[in-house]
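S.K.: In order, the protein sequence lines correspond to chains G and V. Residues in the first sequence are numbered consecutively from 0, following numbering that gives the first Met the number 0. Residues in the second sequence are numbered consecutively from 0, following numbering that gives the first Met the number 0.
Each hint should be verified, as a subset may be incorrect.
[Stated by the list, open to error] In silico lysine-lysine, DSS-like type, Cα no more than 25 Å apart, as pairs: (1) G/21 <-> G/114; (2) G/98 <-> V/71; (3) G/21 <-> V/69; (4) G/21 <-> G/98; (5) G/98 <-> V/69; (6) G/114 <-> G/98.
[As the list claims (entries may be wrong)] Chain G residues, not near chain V, derived (Cβ > 10 Å throughout): (7) 12; (8) 22; (9) 31; (10) 56; (11) 81; (12) 89; (13) 93; (14) 97; (15) 102; (16) 104.
In short, the hints are calculated from the structure, not lab data. No residue lacks a Cβ here, since even glycine has one placed at the ideal position from N, Cα and C.
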Amino acid sequence: MMELREEIEQVIAEEPVALFMKGTPQRVMCGNSLRALEALSGAGAPVTAVDILPDPRIRQELSALSGWPTIPQVFIGGELIGGADITEELAESGELEEKLESALGAGYRNLRGSKPPTLRVMQK
Amino acid sequence: MERLETLLREAFPHASEFSVFDRTGTGDHFQVVVASPRFDGLSLVEQHRLVYDALAEPLADRTIHELRIKTKESP
Numbered sequence: 000m001m002e003l004r005e006e007i008e009q010v011i012a013e014e015p016v017a018l019f020m021k022g023t024p025q026r027v028m029c030g031n032s033l034r035a036l037e038a039l040s041g042a043g044a045p046v047t048a049v050d051i052l053p054d055p056r057i058r059q060e061l062s063a064l065s066g067w068p069t070i071p072q073v074f075i076g077g078e079l080i081g082g083a084d085i086t087e088e089l090a091e092s093g094e095l096e097e098k099l100e101s102a103l104g105a106g107y108r109n110l111r112g113s114k115p116p117t118l119r120v121m122q123k
Numbered sequence: 000m001e002r003l004e005t006l007l008r009e010a011f012p013h014a015s016e017f018s019v020f021d022r023t024g025t026g027d028h029f030q031v032v033v034a035s036p037r038f039d040g041l042s043l044v045e046q047h048r049l050v051y052d053a054l055a056e057p058l059a060d061r062t063i064h065e066l067r068i069k070t071k072e073s074p
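Looking at chain G on its own, in the form it has when it is part of the complex:
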């Protein structure tokens, strides 16, 4: 049986862009999660969101894994990009699009058509 930690690792490894946030893209529960989501959406990123609120262990395991103490956390192609401040800063400088392109390919905007951010629910 897969442990929660493995499930989180799997999300980070599998999803082109993983956003661990408070709330869901449809119902964001924190200003910083919203800032990160908007910066990613603005760059056309195919976002997969994980809501950390339903189970406090998600945040504990995630931070233990990433060594990053706060939420949100953004991963592109399996690599930690940072929280809301860094994601916004990179979006403003244009580096976010460069990172998306180099990690996911030039057609990253069309990976999911023009679908809105999807939600992935932790099972464990």
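Please build the complex by placing chain V on the supplied structure of chain G, with the hints as guidance.
M.R.: Same frame as chain G, but now just chain V:
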């Protein structure tokens, strides 16, 4: 807030720019700006990690509810 300033000053003694701002006036939502030679050549993730490390205690005991970070390399 003084505690945050002290911790950051200790971690970044040669900061060329330094500020801690209580964003909401409630003593738990902070914006910190630090320019330091310690950041030179590091990625933004590594730079922010140094700030988190410096503030590990107030982050762990929930003195800091929210933290916004702006880091800069030395000019």
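S.K.: I'd like to know which numbered hints this structure contradicts. Please list them from smallest to largest.
M.R.: 9, 11 and 12
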